[in-house]
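Based on these hints, arrange chain B with the ligands on the given structure of chain A.
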Amino acid sequence: MSQLALPHLRYLEAEAIHILRETAAQFRKPLLLYSIGKDSSVLVHLARKAFFPGKIPFPLLHIDTTYEYPEMIEFRDRFTKEIGAELRVYTNRAAVEAGANPYDLGTAKCCHLLRTRALVEGLKEGAYDAAIGGGRRDEERSRAKERVFSFRDREGQWDPRNQRPELWNLYNGRVDPGESIRVFPISNWTESDVWRYIEVEKIPLVPLYFAEPRQVVVRKDTLIPLEANVKLLPGETPVTETCRMRSLGCTPCSGAIRSKARTAGEILVELSVFRRSERENRVIDHDQEGSMELKKREGYF
Amino acid sequence: MHEIVEKPLLRISTAGSVDDGKSTLIGRLLYDSKSIWEDHLEEVSRSRVNRAAHGPDLSLLTDGLRAEREQGITIDVAYRYFGTPRRKFIVADTPGHEQYTRNMATGASTADVAILLVDARKGILPQTVRHATIAWLLGVRKLAFAVNKMDLEGFHHEVFVRIQKQSEELLATLVGATASYFPISALDGDNVVEPSKRTPWYKGPSLLDWLENVDAEPASDGPFRMAVQLVIRPHLDFRGYAGQIASGTIRPGDAIRIQPTGTPARIKRIVSFDGDLDKAWAPMSITLELDREIDASRGDWITAASSTPQRARRLKTTIVWMNEEPAREGAAYLLQHGTRITPVRLARIAERLDPATQTQVRTNELRLNDIGLVELETADALPFDLYRENRATGAFILIDRLSNLTLGAGLIESSLDDEHHSGSLHSSERAALFGHRPCLIDLSERPELAPALERHLLLRHSHALILENEDVPADFLLDAGLLVVATTPRPEAAVQASGLSSDPATAIAELLEALHHAGVFALEDDYVEGEGI
Ligand SMILES: Nc1nc2c(ncn2[C@@H]2O[C@H](COP(=O)(O)OP(=O)(O)O)[C@@H](O)[C@H]2O)c(=O)[nH]1
Ligand SMILES: [Mg+2]
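Chains A and B are the protein sequences, given in the same order.
Numbered by my numbering, the letters in the first sequence go through residues 1 to 301 in order.
Numbered by my numbering, the letters in the second sequence go through residues 1 to 533 in order.
None of these hints come from the bench; they were simulated from the model.
These numbers come from a predicted model, not from an experiment.
Among the hints, a few may not be true.
So, partial list: chain B residues that the calculated Cβ filter (under 10 Å) puts toward chain A [said to hold, decoys possible]:
{"hint": "1", "residue": "TYR79"}
{"hint": "2", "residue": "LEU277"}
{"hint": "3", "residue": "TRP281"}
We put the CB at the ideal spot given by N, CA and C, even for glycine.
For reference, chain A alone in the conformation it holds in the complex (with noise of 0.2 Å):
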């Protein structure tokens, strides 16, 4: 008899695939939502594999909060217009001629409105019945109960204590118009798979992951490097860090680690040793206990 296994990270590139390929055969009109942070360049690089030799065949959508980075939409733009994929991106245009900032609004109402709100309109607007996301288990402890193929009602919301078993591989993609499915391939990853994976697939990924010198404000326990949708707080002064961004989201939400790792393998290195999550850095998550369990009700990624 052979014995032929496969190492874990093959093993959960081939789930993610297979997850990829029943989102595309299931799906009347399906997306994936590229928020072009790491999860979804490696989401991006495993549909390149799932249909090679033919092209993705769906939209990527990003999300435009417009407090991205100038440094990632550049990124974006160069990345997809490379492998050839169709890219959309959609903004919740009301609120933010409205002026939404997270200052006035606080980051858990800015957060509603120019990311879930978005999400959800921008999936209405194109009537998409599945989205795929690069969201993982291991993230936070809601998203440990998440389904792989996730139901999402007419607005778009999730309820925790209703989900669809889910066997085997065997997904369950049925909706009624209106309705729509969240598609996690990489439920199963965890940071430093991720990390693994973009090293031996030598994906690229936005500089700012990379550490570099940068210009930041130091505000509670986190950088926050200096772009020009920061507003500086009464007392503070910028100052220069070596940092790299831990993980990717508005520029006044989002924070930046000291370290020195300028490539995947050293940052695999470097979580090693790290004992903090990754989301710890987002300012947003930290509004209340089980916050994220309440946002992904709503309709967040």
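Frame of chain A, contents of chain B with the ligands only:
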């Protein structure tokens, strides 16, 4: 220096009664293998709820929903991840309450091994038997009995031995299962990661040691099976069949068959983004190019030519029912098997298994969390292997056509088509084999059309005959599944010759149209409505 050989990923599911310590054990494994972030731990330590006797309540690390933390119980499956230099693990924390049994079955469906928690003070409980039986039914053969809360029983050897003895009766019923036993304290960590000083009488490995070394059955053994997920056609010169290998291995040149048609072909190339492969095995996701143009699409299986699956429309299955609305005999649903979805009818609910007592109870419905023996009839013939031989080709789910909900999980136990080969043919089976249902046609007004109609029907492989003797009843011919063309008046006939065109060719066309209209050839549509055949 020894080189560390990484073992393949291990999928673990937990089981056991409420409060036996499942969530705490997983929290402990995560914590001791340093797979938990400090800020997550701090969040837990700050929590208003803490049911642990001392230290942080590690169960809160996996009970991620608000309702779970507030009620102090696990409601839904949570998947957690941890790893050591030797191996990576995915562990499903499952609920212990009987009303959440379906979630426990979900966790077991993909597991290689199950950890069965037993409270040292309580011993084997009905719920332990229930969970062990369900894990075993779902194909888990390696069981670890973690005798927990040994700290509350003074780490006495006798307690451990008694529970080990108690489990033997249970194990005898789980054919092919092997068990290992661990005296642990999930709360304090004894024998979870490191051997404990408090159990000098225990010489075995720690639970984590065992998990690192246990061998899962590799799916790459067994005959080649792959469900076609989609056909990739970027241009006219390429047609690739994309799928994830369910079992076995494949190489270019291998002989395969498409199922259920049985069409033979050979593998031309195994195509991948990283270049062609000279070999692929389960559970890789691949794209196959075949050596000839054949008709295969999503829903079909590609299987080894040397070892083909069974094929049947009538199946004996075990079903775990997961919906509030009970399953009833005669009800019609959708069945998803591999990548095929087909209408199905629950022909008979034979009995319900009480996994806590391991006895069978006669019934004709299955309620939420019931496990029953059910006979199914599918609209399409399914290529399959028995679940106990192949988890991927022997499993299916049932879906409600209106609510779209997943209603139940099924395991194929055997084919019932064979029994029918020896017994009398069921009318639905005959209709499926003939390609039409029986029908009486009254041509008494236009008897001259009878030979032409008979010829037309025979040419389209229908089974028709002309009945000229008015004294012969048509019933037994219809029972035999035939299309009966009568030239004498038959008022009971479903199709009459009145009002036909005077042109013979047009009249025949009108008659065929009338037969279609009467649903004679529309087998699957009728089936969908849950009646007819
Ligand atoms: N003394 C002691 N208490 C434990 C141990 N393991 C779990 N517990 C406690 O038992 C209770 C139930 O644990 P939990 O992990 O939620 O059980 P589950 O329902 O099986 O997930 C909690 O109060 C735990 O703190 C143990 O090894 N020793
Ligand atoms: Mg629990």
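To see whether the hints hold, each was checked on the structure:
no., hint, result
1, TYR79, "holds, 5 Å"
2, LEU277, "violated, 12 Å"
3, TRP281, "holds, 5 Å"
This entry does not satisfy hint 2, going by the numbered hints stated previously; all others are met.
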